[in-house]
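Each chain is listed here by its residues.
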Amino acid sequence: MKKLSLLICFICLMAPVAFAQDMERDPWTCPEGYEGQTLSIFNWSTYIAEDTVPNFEEACGVSVNYDIYESNEQMLARIRQGNPGYDIIVPSGGTVQRMAEEMLLIPLDMAMIPNVANVIPDLLGAAYDPDNTYSLPYQWGTVGVGYSTEVFPDGIISWEQVWEHDGPVAWLDDRQTMLGIAHLFLGNDPNSADPDEISAARDYLIEKGGNVVTVAADDGQVLLERGDVDIAVEYNGDILQISWDCECDDYAYAIPEEGSNVWIDNLSIPVDAPNPELAMVFIDYILDAKVGADLTNYIWYASPNQASIESGYIDEEILNDPAIFPPPEQVANLFSVIDVGPEAEELINNAWDELLIFLGQ
Amino acid sequence: MSHRLRRLQKNGSLLALPTVAWLVIFFVLPLLIVLVVSFMSRGRGGVGQMPFTPEHYERTFGVFFIILQRSIGLAALTTIVCLLVGYPLAFFIATRRRRLVQQISLFLVILPFWTNFLIRTYAWRILLGEEGTINGILTGLGLVSEPLSLLNTQFAVLVGLVYGFLPFMALPIFASVERFNFRYVDAAHDLGANDVRTFLRVVLPLTLPGVLAGCALVFIPSVGAFVTPDLLGGTKGLMIGNLINKQFGGSGNMPLGSALSIVMMALVMISLLVYVFANRRDARA
Chain A
1 MKKLSLLICF ICLMAPVAFA QDMERDPWTC PEGYEGQTLS IFNWSTYIAE DTVPNFEEAC
61 GVSVNYDIYE SNEQMLARIR QGNPGYDIIV PSGGTVQRMA EEMLLIPLDM AMIPNVANVI
121 PDLLGAAYDP DNTYSLPYQW GTVGVGYSTE VFPDGIISWE QVWEHDGPVA WLDDRQTMLG
181 IAHLFLGNDP NSADPDEISA ARDYLIEKGG NVVTVAADDG QVLLERGDVD IAVEYNGDIL
241 QISWDCECDD YAYAIPEEGS NVWIDNLSIP VDAPNPELAM VFIDYILDAK VGADLTNYIW
301 YASPNQASIE SGYIDEEILN DPAIFPPPEQ VANLFSVIDV GPEAEELINN AWDELLIFLG
361 Q
Chain B
1 MSHRLRRLQK NGSLLALPTV AWLVIFFVLP LLIVLVVSFM SRGRGGVGQM PFTPEHYERT
61 FGVFFIILQR SIGLAALTTI VCLLVGYPLA FFIATRRRRL VQQISLFLVI LPFWTNFLIR
121 TYAWRILLGE EGTINGILTG LGLVSEPLSL LNTQFAVLVG LVYGFLPFMA LPIFASVERF
181 NFRYVDAAHD LGANDVRTFL RVVLPLTLPG VLAGCALVFI PSVGAFVTPD LLGGTKGLMI
241 GNLINKQFGG SGNMPLGSAL SIVMMALVMI SLLVYVFANR RDARA
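Chains as they are written, first to last, in my numbering: chain A, 1 to 361; chain B, 1 to 285.
Calculated from the structure, these hints are not laboratory results. Accuracy of the hints is not assured; some may be wrong.
[Unchecked claim] Residues from chain B that face chain A, not an exhaustive set, calculated with beta carbons under 7 Å:
#1 Arg42
#2 Arg44
#3 Val63
#4 Arg120
#5 Leu127
#6 Gly129
#7 Glu131
#8 Asn253
[As the list claims (entries may be wrong)] Below are the DMTMM-like pairs computed for lysine to aspartate or glutamate, each with C-alpha atoms no more than 25 Å apart in a straight line:
#9 Lys208/A with Glu164/A
#10 Lys208/A with Asp195/B
#11 Lys290/A with Glu101/A
#12 Lys236/B with Glu257/A
#13 Lys236/B with Glu207/A
#14 Lys236/B with Glu160/A
#15 Lys208/A with Glu50/A
#16 Lys236/B with Asp218/A
#17 Lys236/B with Glu57/A
#18 Lys290/A with Asp51/A
#19 Lys236/B with Asp109/A
#20 Lys236/B with Glu58/B
#21 Lys290/A with Glu102/A
#22 Lys236/B with Asp219/A
#23 Lys208/A with Asp218/A
#24 Lys208/A with Asp189/A
#25 Lys236/B with Asp203/A
#26 Lys236/B with Glu50/A
#27 Lys236/B with Glu178/B
#28 Lys208/A with Asp249/A
Each residue gets a CB set at the ideal place from its N, CA and C atoms; glycine is no exception.
With these hints in hand, go ahead and build the complete structure from the sequences.
In structure tokens:
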């Protein structure tokens, strides 16, 4: 009798857990009425799981066109010239702000995206889109240094090690991030719009960049993998992907203690999208706990999906990796890049052109 | 018949109309737009806006000048190396007795075009890399103790450009050499000229049209190259084409990019004028 009551108690305790898990295991279902339609996605390269799109096509009975780009600037240029037919784009924070101001984005209908409830609340309402009118987080991450563990057996903890390294280094071709890091050293606002401060940041980088052999668009990890550079300033996920591919400990990623850039890439719908309804269905699909977790397990960026994290769908290895989900004390030193307006944008552009010219002298 | 021909000659200018219309719409008008934009101020997102300003030309001849110089220098060097390699090559092919050997040789010159230029340039990255094929062979043979820094240098850009443009040099020279009558060489020898003199006074002048066409075909695209320096040059091999390319991205500076393009076009124009002038002098002589 006692045993039985214990058993009953046990069942009572476990039932909600089992029930909850069953609820979460419900696979995402597509709303009716989209069969035969087409969705066109314009996403960053190497930024989706192999089965994300095929599963969506199967669930909704639709076909998907999938194009890739290498930088926000490239995507922005395409959409500015008139949307060539994309329904989904993945702009970073500052770019969302800029596109919204230029009326290049369609407002999202949250009624069609119930999975918005899964998003980590801290990642909603960011400065670049305070009410999430135009964007919902896709993945987020940091810019830091990928390095060869053979050259740096004790790791990299400071940008000073990058500046002083006697060997080839690749920087990231991201002007606001690189100048922002220089601003941190000079004690200025990383998003400074002040002409003198921007010049000072440029001069600081030129002075520290004597070992830079290339300013790479988004392939620094390839240079590192091939041994052409010892350090590559890169997005965390790109470095982790080469470690994953080689199944070795030859490469590591670190966020130097002085601080660096944190970025959020977002799902948005560009103006003149041929099928905005299906685009919102796709956004809801991506924000599903299981789909989001599968995505993160494949591309190794941090998921903005609280449900994915809590459900245990995301691999422990990823969840506990400080390079993917940085510890809170590091997060405090991270800055995000905002849209600085046309005047400062021109100053930053000029400074970056001059930097590229003088780095090679 | 002659009546018809005369009528055609009279109304023949109409035949050129489609071409002229094409050139005006797709060449003259865009060029004018570029020229106008190059004097505009930079607006939000890098597009041109009022008022007009000469500042982009000031920048072109200011901080950007050193890169312009480098581009011209690298293009000139590419042309010279292509000429030194391409001239003997063209001669070799044109003087083969057996037609089959000649055809196979020509086929081999054209063969690389079957593969996309981008892919071939990427292949150079693997060949020239720090742990690449060339360094692997050199260190393996013990010729060097430390791997050489070949990639991300101006040397790498030169190699890439010469590799890419060599056929454009070899083929026009081949066409010239093929038409060359070798009895002139015998005649020169009979008149007492030695080999060097024969080459300089007879062979070279008569194949000069091919040489000049080859030089123009190599120099002009080399000045504006951007894929090769982008993939092989790194920070040290940056060329003007890379900086122009950057100005037309989402947050670039289209007026500045236009000014850089206009100046580059002017440079190309000057080299074309040199070509035409040299050709005409050559024809007179």
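For the pair supplied as a hint, lysine 208/A and glutamate 164/A, confirm whether the alpha-carbon distance does not exceed 25 Å.
holds, 8 Å
Can you verify the interface hint for leucine 127/B: is its Cβ closer than 7 Å to any Cβ in chain A?
Violated. Min distance 12 Å.
Does the structure keep lysine 236/B and glutamate 160/A at a Cα separation of 25 Å or less?
Measuring from Cα to Cα gives roughly 23 Å; hence the hint holds.
Does glutamate 178/B lie within 25 Å of lysine 236/B when you go C-alpha to C-alpha?
violated, 41 Å
Restraint check for lysine 208/A with aspartate 218/A, where alpha carbons must lie at most 25 Å apart
With Cα atoms ~21 Å apart, lysine 208/A and aspartate 218/A stay inside 25 Å; holds.
Holds or violated: is there a CB of chain A closer than 7 Å to the CB of arginine 42/B?
With Cβ-Cβ at 5 Å, under 7 Å, it holds.
For the pair we were handed, lysine 236/B and aspartate 109/A, check the Cα-Cα distance against 25 Å.
violated, 49 Å
Between lysine 208/A and aspartate 189/A, does the CA-CA distance stay at or below 25 Å?
It holds: about 19 Å lies between the C-alpha atoms, which stays within 25 Å.
Hey, lysine 208/A versus glutamate 50/A, does the alpha-carbon distance stay inside 25 Å?
Answer violated: lysine 208/A to glutamate 50/A is near 40 Å, above 25 Å.
Need the status of pair lysine 236/B, glutamate 58/B: alpha-carbon distance at most 25 Å?
Cα-Cα ~23 Å, so holds.
If you draw a straight line from the CA of lysine 208/A to the CA of aspartate 195/B, is it 25 Å or shorter?
Not OK: lysine 208/A and aspartate 195/B at ~57 Å, beyond 25 Å, violated.
Holds or violated: lysine 236/B and glutamate 57/A, Cα atoms, limit 25 Å.
violated, 46 Å
Hints 4, 5, 10, 11, 12, 15, 17, 19, 21, 26, 27 and 28 from the earlier list are contradicted by this structure; the remaining hints agree with it.
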